[in-house]
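Engineer: Chain by chain, the residues run as shown.
4 protein chains.
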Amino acid sequence: MTSAIVLGGSRGIGKAISDSLKSLNFDVFAASKKDIDTSNLESVKKFLDNHNEVDILVLNTGGPEAKEFFNVTEGDWEKYHNQLFLGFCLVLQKIKINREGYVFLISSSVIKEPNPKLIISSAYRAAFSEVFKILSKDYAKKNISCINIAPGPINTDRTKELIENVDKFKKTLPMGRLGEPEEIGDFVKSIIQNKIKYLSGVTINFDGANSNYIF
Amino acid sequence: MTSAIVLGGSRGIGKAISDSLKSLNFDVFAASKKDIDTSNLESVKKFLDNHNEVDILVLNTGGPEAKEFFNVTEGDWEKYHNQLFLGFCLVLQKIKINREGYVFLISSSVIKEPNPKLIISSAYRAAFSEVFKILSKDYAKKNISCINIAPGPINTDRTKELIENVDKFKKTLPMGRLGEPEEIGDFVKSIIQNKIKYLSGVTINFDGANSNYIF
Amino acid sequence: MTSAIVLGGSRGIGKAISDSLKSLNFDVFAASKKDIDTSNLESVKKFLDNHNEVDILVLNTGGPEAKEFFNVTEGDWEKYHNQLFLGFCLVLQKIKINREGYVFLISSSVIKEPNPKLIISSAYRAAFSEVFKILSKDYAKKNISCINIAPGPINTDRTKELIENVDKFKKTLPMGRLGEPEEIGDFVKSIIQNKIKYLSGVTINFDGANSNYIF
Amino acid sequence: MTSAIVLGGSRGIGKAISDSLKSLNFDVFAASKKDIDTSNLESVKKFLDNHNEVDILVLNTGGPEAKEFFNVTEGDWEKYHNQLFLGFCLVLQKIKINREGYVFLISSSVIKEPNPKLIISSAYRAAFSEVFKILSKDYAKKNISCINIAPGPINTDRTKELIENVDKFKKTLPMGRLGEPEEIGDFVKSIIQNKIKYLSGVTINFDGANSNYIF
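Chains as they are written, first to last, in our numbering: chain A, -10 to 204; chain B, -10 to 204; chain C, -10 to 204; chain D, -10 to 204.
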């Protein structure tokens, strides 16, 4: 039976991915913050004691609250360095991804078009995207596909926290709406279900035509 | 019944996409070079006389033979300007994509990492990718998704023409193999089948972790 | 004596570069549209009959008037294909750049962040940037540096044509002002004057921190 | 008198920049590791007690030894997180850059084309490039220019440590040679000397046409 671990699997995009993988009758561990808190390296290590092998891994975590550069404290940097970068590195150093498997990273559109209010997220998610790109070539030898999904504005609790007037904001978007977490869940599912393997080492904007950069 | 037109639909990646859309019981027109030759604007216009509306459009065409810059003639530039750029522009100016539809562009990984032997293709496919990106924001208003797939080394007749020793070449690739056209066909199908709409305005490398650029 | 040819050298950015090179006591040919009109291939060829060798070449030309996609005619595409792309290709195929020389391309920030009103420019300037990148590796063998400068909003007649209310527009810019053509002229001069050669194969945004893309 | 601080100013690229700024008769503080060790936050804070205002700041530091992902320890990540990222953030949070000033970041070509042996550097230098891009818009209000220089293979002690056979390596480079630190020093000097201000928010590859990515 195919096994999957979805970090941050109890809410938002992570939950949507978990649910869509469950619909394939996979053995899905939808990890909540209680199971593994990537901002706490002890929690990460404890989690890895009990989970050391998997077919499908989804690296996903919430982002920090909005904070501009001059208000970010040393403690903030260190906490989110763990949460958005180092925790994921430890996971990939320890967990064995089985042959023919998949690793998905849920990053953010801010890695390409950084956002002053999301400066922590812009920085550390970009950093981990570098690691992920490098590793994709290694994993390729075992036919493991690494796919970085970079969501734009998605209809999650987090977006509602970050955006003051969501209804007004929607009207500024090319599709006039936020993306739904289920669209990302379905996208992940459809790749796995169709055994699409040559899609690897790629960053996929998932933003309803909102970004402006050519690629 | 959902209608689809696949340009360059009789061979290689285009055929694989046509076949996968047919498996969804769509009304698929797999256009061959006889139906529409995008290097010939008269042929394009004639085709558009008979096809002026569609749900799903796949812009796809073969590339020029390998030629280094100093050997490219004025005639070559003009022919492939039509084939890889202007023909597609005329198509998009004339054909109506129905609401909730899809436009796929099959470009190439050379748009991001240009290749001296494929200089014509690098140039004009990049040019059309700019047009496509711009239009994605317009099409978004009608909930039409525009997806640019940039294939790397795929197992097609063309690759066999371009690469001298395919077996040796394969060993240099991260996955140790070429991609199969069917993987792209399945990918396109899975997006449509799952009604994934928020994936738009995006360029998706499809290259088995072969590219080196971070995004 | 060092020789230089500046296409589009009679106005705007081209003139500023010509003037700055003249201040180095170079033999500068500031070509006006009368000397060479890159939209007219016959004019290009005639020019090349009389100019077949140079130390420093600046590829620069005005852009088309603002036009959205659905209003662009076949004639527009073909004219600007010549002006922004093919004319430059012919020049580089024919003219000999001397060892230790420089080729500058003045493109535009729209190659990275395409603009619907400047769709023609976005497309063909990106196409030529691909050619230029490829050639930079060839030219490197003769220690010729190729530098693509991608200006953002610069204080030229053209900007005044394109922007309705320049004073209002300025306030939206990070520096609260347009760039001056002389800044680009000085930049080009300073690179040459200091014999900076390892700067090659690069695209340099010159936009006063206006672009949003990370690179 | 114009003041400048160059971090990592006692060797390699940093020294070359210091020397070139000294040639302009600026008051240059070429900080060595003894003055400020960005991997040690206490050292950073102490430095900032004595340097809280400057006209020109150059953020520069050596990189970590080559190490592949699975050999990087938690201690390595944390050390270089400080050295390549957090130390620089603290500096920018505390030091006042005077109006009309400059901030240069010396990053690396690996931020765009990440390198498995330089995975730590690829990650954290990319992270800081995000921060730097965001801040460039803020600094622009005071007419401070932020320029990210991303060197490729430069003739420094570090390159000799990283590359086994430098002579063999050189032959693989488009220019057949490494870049010289003095070329970067001269480049920085020429920008400042010519008061080029509209060049800001930009990442400039400085790699002798070695990179393959289009931009």
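Be a bit skeptical, because a hint or two may be false.
Identical copies look the same in the list; a pair holds intra-copy or inter-copy alike.
[Claimed, not checked] Each computed DSBU-like pair below joins lysine-lysine, with the alpha-carbon atoms no more than 30 angstroms apart:
no.: 1; residue 1: K157; residue 2: K11
no.: 2; residue 1: K11; residue 2: K23
no.: 3; residue 1: K34; residue 2: K56
no.: 4; residue 1: K131; residue 2: K160
no.: 5; residue 1: K83; residue 2: K68
no.: 6; residue 1: K23; residue 2: K160
no.: 7; residue 1: K4; residue 2: K149
no.: 8; residue 1: K23; residue 2: K34
no.: 9; residue 1: K56; residue 2: K131
no.: 10; residue 1: K35; residue 2: K106
Since the hints were derived computationally from the structure, they do not count as laboratory data.
Engineer: Confirm or reject each hint.
Structural biologist: Hints, one by one, checked against the model:
no.	hint	in the structure
1	K157 with K11	neither (35 angstroms within a copy, 41 angstroms between copies)
2	K11 with K23	within (20 angstroms within a copy, 46 angstroms between copies)
3	K34 with K56	both (29 angstroms within a copy, 22 angstroms between copies)
4	K131 with K160	between (45 angstroms within a copy, 14 angstroms between copies)
5	K83 with K68	both (21 angstroms within a copy, 20 angstroms between copies)
6	K23 with K160	neither (37 angstroms within a copy, 44 angstroms between copies)
7	K4 with K149	within (17 angstroms within a copy, 44 angstroms between copies)
8	K23 with K34	within (13 angstroms within a copy, 36 angstroms between copies)
9	K56 with K131	between (40 angstroms within a copy, 22 angstroms between copies)
10	K35 with K106	between (32 angstroms within a copy, 29 angstroms between copies)
Hint check: violations occur at hints 1, 6; the rest are consistent with the structure.
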